[in-house]
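Chemist: Protein chains in written order, with our numbering: chain V, 1 to 415; chain S, 1 to 270.
Errors might be hidden in some of the hints.
[Unchecked claim] Computed spacing ranges between beta-carbons, pair by pair: (1) D134/S x E16/V: 56 to 62 Å; (2) R193/S x E190/V: 51 to 57 Å; (3) S77/V x S162/S: 38 to 44 Å; (4) L34/V x D68/S: 41 to 47 Å; (5) R87/V x S145/S: 52 to 58 Å; (6) E16/V x S162/S: 31 to 37 Å; (7) S397/V x R193/S: 55 to 61 Å; (8) A224/S x P297/V: 42 to 48 Å; (9) T4/S x L178/V: 16 to 22 Å; (10) S32/V x S162/S: 44 to 50 Å; (11) H73/S x N212/V: 31 to 37 Å.
[Said to hold, decoys possible] Covered stretches of chain S, as calculated for chain V (at least 3 residues, CB under 8 Å): (12) 24-31; (13) 131-139.
Hints were generated in silico from the structure; no laboratory data involved.
Cβ coordinates follow ideal geometry from the N, Cα and C atoms, glycine included.
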Amino acid sequence: MKFHWFHLMPYPDLPEDFRERYRGVWVDPPASELFDRKRGNEMYNEYLDELEYAAEVGFDGICVNEHHQNAYGLMPSPNIMAGSLARRTRNAKIVLMGNSVALYNPPIRVAEEMAMLDSISGGRIVAGFPVGTPMDSTYCYGMNPATLRERYREAIDLILKAWTSEQPFAYNGKYTQLRYVNIWPRTVQEPHPPVWVPGAGSVETWDMCVENNFLYAYLSYFGFERGRKNFDGYWETVDKHGAERNPYRAGFLQFIGVAENDAEAKELYAEPALYFYNRCLHMYPGFATPPGYATIPTIRRGLQSTLAHAAAQREFANLTWEDIIERGYVVAGSPDKVAQKINEMADVMNVGHLMVLMHYGNMSKETVMYNTRRFAEDVIPQLRDRFSEYEDHWWPSTTLEDPAHPAPLTPSAAA
Amino acid sequence: MGFTSRTIMLANGREQVIHRAGAGTPVLWLHGLFGFDEDDPLVAALAESHDVIAPVCPGFADTAELVDLMDVHDLAQLYDDILVALGIGRAAVVGHSFGAMIGAELAARRQDAVACLVLLSPLGLWNDERPVADLFALPYPDMPSLLYADPSRASGGADTSSLDGDVERLVTLAQALTSVAKFLWPIPDRRLRTRLYRVVAPTLVVFGEEDAWVPPSYAEDFVAGLPNGHSETVPGVGHMLHLERPDEAIPLVTGFIEELATARLDAASS
Numbered sequence: 001m002k003f004h005w006f007h008l009m010p011y012p013d014l015p016e017d018f019r020e021r022y023r024g025v026w027v028d029p030p031a032s033e034l035f036d037r038k039r040g041n042e043m044y045n046e047y048l049d050e051l052e053y054a055a056e057v058g059f060d061g062i063c064v065n066e067h068h069q070n071a072y073g074l075m076p077s078p079n080i081m082a083g084s085l086a087r088r089t090r091n092a093k094i095v096l097m098g099n100s101v102a103l104y105n106p107p108i109r110v111a112e113e114m115a116m117l118d119s120i121s122g123g124r125i126v127a128g129f130p131v132g133t134p135m136d137s138t139y140c141y142g143m144n145p146a147t148l149r150e151r152y153r154e155a156i157d158l159i160l161k162a163w164t165s166e167q168p169f170a171y172n173g174k175y176t177q178l179r180y181v182n183i184w185p186r187t188v189q190e191p192h193p194p195v196w197v198p199g200a201g202s203v204e205t206w207d208m209c210v211e212n213n214f215l216y217a218y219l220s221y222f223g224f225e226r227g228r229k230n231f232d233g234y235w236e237t238v239d240k241h242g243a244e245r246n247p248y249r250a251g252f253l254q255f256i257g258v259a260e261n262d263a264e265a266k267e268l269y270a271e272p273a274l275y276f277y278n279r280c281l282h283m284y285p286g287f288a289t290p291p292g293y294a295t296i297p298t299i300r301r302g303l304q305s306t307l308a309h310a311a312a313q314r315e316f317a318n319l320t321w322e323d324i325i326e327r328g329y330v331v332a333g334s335p336d337k338v339a340q341k342i343n344e345m346a347d348v349m350n351v352g353h354l355m356v357l358m359h360y361g362n363m364s365k366e367t368v369m370y371n372t373r374r375f376a377e378d379v380i381p382q383l384r385d386r387f388s389e390y391e392d393h394w395w396p397s398t399t400l401e402d403p404a405h406p407a408p409l410t411p412s413a414a415a
Numbered sequence: 001m002g003f004t005s006r007t008i009m010l011a012n013g014r015e016q017v018i019h020r021a022g023a024g025t026p027v028l029w030l031h032g033l034f035g036f037d038e039d040d041p042l043v044a045a046l047a048e049s050h051d052v053i054a055p056v057c058p059g060f061a062d063t064a065e066l067v068d069l070m071d072v073h074d075l076a077q078l079y080d081d082i083l084v085a086l087g088i089g090r091a092a093v094v095g096h097s098f099g100a101m102i103g104a105e106l107a108a109r110r111q112d113a114v115a116c117l118v119l120l121s122p123l124g125l126w127n128d129e130r131p132v133a134d135l136f137a138l139p140y141p142d143m144p145s146l147l148y149a150d151p152s153r154a155s156g157g158a159d160t161s162s163l164d165g166d167v168e169r170l171v172t173l174a175q176a177l178t179s180v181a182k183f184l185w186p187i188p189d190r191r192l193r194t195r196l197y198r199v200v201a202p203t204l205v206v207f208g209e210e211d212a213w214v215p216p217s218y219a220e221d222f223v224a225g226l227p228n229g230h231s232e233t234v235p236g237v238g239h240m241l242h243l244e245r246p247d248e249a250i251p252l253v254t255g256f257i258e259e260l261a262t263a264r265l266d267a268a269s270s
């Protein structure tokens, strides 16, 4: 099993009465009222420190993602974060979860930036291609929900061709027309970085992932009871295509809180978890389902996206720590308890790549580092051999063995 | 007057569902948000003395129909193809809401074919001072409050107050809104203002005084751009004006068509 340390980069100072004063955390909470300029400087530097720390203590991957106009996800550009991390980390892979390719015109911008990151990092990039949430793609970036998926597929097709073509080529797409495609630089990885698709629960996404040998990751904030329904559908699709039920073709996201025991877990993690579920998941339901975003088969199957689910849940306002634990939204407790839960999760969903959220809400840096260290030292070793009988084909395999590194700062520059 | 439904083949091979009833001068009815409804009192009234032709807008029955229709021009061309396929040289065009916007596009495109035009609560223009509200960011249960002066008047497909668990109604509504959104997202302005000068047919613009989606003051914007347009306002109703107060809206529409279109049709045939 592999473990990836995922940061959402939430704004940590939303007021206590945020729910009453604003209709949601995403799209239109006014930055001018809520965002402190100086806090931005501290926050990004702290958050990057935390990601670097995770790389140092032995996580396989560190993850960044893309959101827009979102008070719980302050990475409009994951590639800027990844550029910084590529210089300051050595071994951990940098999992871009990912770039919303349909939003870039032309989409080869993504192919270029990811190739730059792969070059700088010596081939440590995982290329995530999400459709993009309704909030980000359709309300913030104005994409037409009716054509978003078609545009998304065309963009992936173009990017993969741009990475692999032996010759400059012309691309006559429905959404992108380019007379000359010939990107510089090339990726270090051959033929290109592994492709991961973070999905919310669209039937079509499963087919696309299996047909193209992309990893499918279900990013849920609601634990594995909700994840199970999705993965049942995904593994059925894998079977339908006659592909191998290899756990490394699947990823899942889980909130984690490692402590000495349950009491310490509550003391450390209850407040930031409640901050996340009460304030960060306060979503205006009108932004969850733009017409055309969910396809008709997905509506018929009743697979409400995880965010639509959040928007529908007014009870998050009154959630307690005990509810959060009982429902499995956060897996918290002693290292043995956490390892046992993850083993159960692996049994039920057959997932080889676990993305863990160890920072949530307004958690202090000190607590984040404690959580991260305890997981790396006391949990990962218990699970490392899980699924070792399978080969991971969805992981960078052509990373440079002896890559170039940043030169040390000269004394005058370091001062 | 019962409507009959049939599927016709357009010149490009595309299939199109048409509802039709009545006899007399042809009236092309372009439905609004919730699709074609033969019990719509305005439609029924028109069919009493006209040959009412009502195509179902692509996407409303099957979103796959939208794949090759990328913008309002493709859609206006489709309605043009429908008139050609049915052999209708000239018709009165009556549209509601989104259908009215497409009616205006059709009139700009086919000056010869549109005898007169009725735009009921039309979309299609944008004024920064008075923005059109964002219907697409409303939870379904809140839609009647935007569309009706009195939301309790919403009925049938327009009553979206409780759809939970009713998959068939959810699918119907999702298909309709997907179709409309494909042509209007994210701001319902496809530069119709720059083409209004081509809409030479006598045009009646009608707004409900309490339309909370498209402010009724857009009547002035339409009339300012139309070479031959005037507007009426219906008090006490919202966007769904002809469903909220059919007694007020129907005589406006039928009176206008009979007076003007009949004269134009007579002139054309003499």
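Chemist: Each of the hints needs a verdict: does it hold here or not?
Modeler: Hints, verified against the model:
1. D134/S x E16/V: 56 to 62 Å: Between D134/S and E16/V, where Cβ atoms are some 29 Å apart, the hint is violated.
2. R193/S x E190/V: 51 to 57 Å: Hint holds: Cβ distance 53 Å, inside 51 to 57 Å.
3. S77/V x S162/S: 38 to 44 Å: 41 Å, holds
4. L34/V x D68/S: 41 to 47 Å: Holds: the Cβ-Cβ distance is about 44 Å, inside 41 to 47 Å.
5. R87/V x S145/S: 52 to 58 Å: 53 Å, holds
6. E16/V x S162/S: 31 to 37 Å: Holds: the Cβ-Cβ distance is about 33 Å, inside 31 to 37 Å.
7. S397/V x R193/S: 55 to 61 Å: Holds, since S397/V and R193/S (Cβ atoms, about 56 Å apart) stay within the stated range.
8. A224/S x P297/V: 42 to 48 Å: With Cβ atoms ~45 Å apart, the hint holds.
9. T4/S x L178/V: 16 to 22 Å: Violated, at about 49 Å.
10. S32/V x S162/S: 44 to 50 Å: Roughly 37 Å apart at Cβ, these two residues miss the hinted range, so it is violated.
11. H73/S x N212/V: 31 to 37 Å: 34 Å, holds
12. 24-31: The restraint on the stretch 24-31 of chain S is violated, since only 0 of its residues have a Cβ under 8 Å from chain V and three are required.
13. 131-139: holds (count 4)
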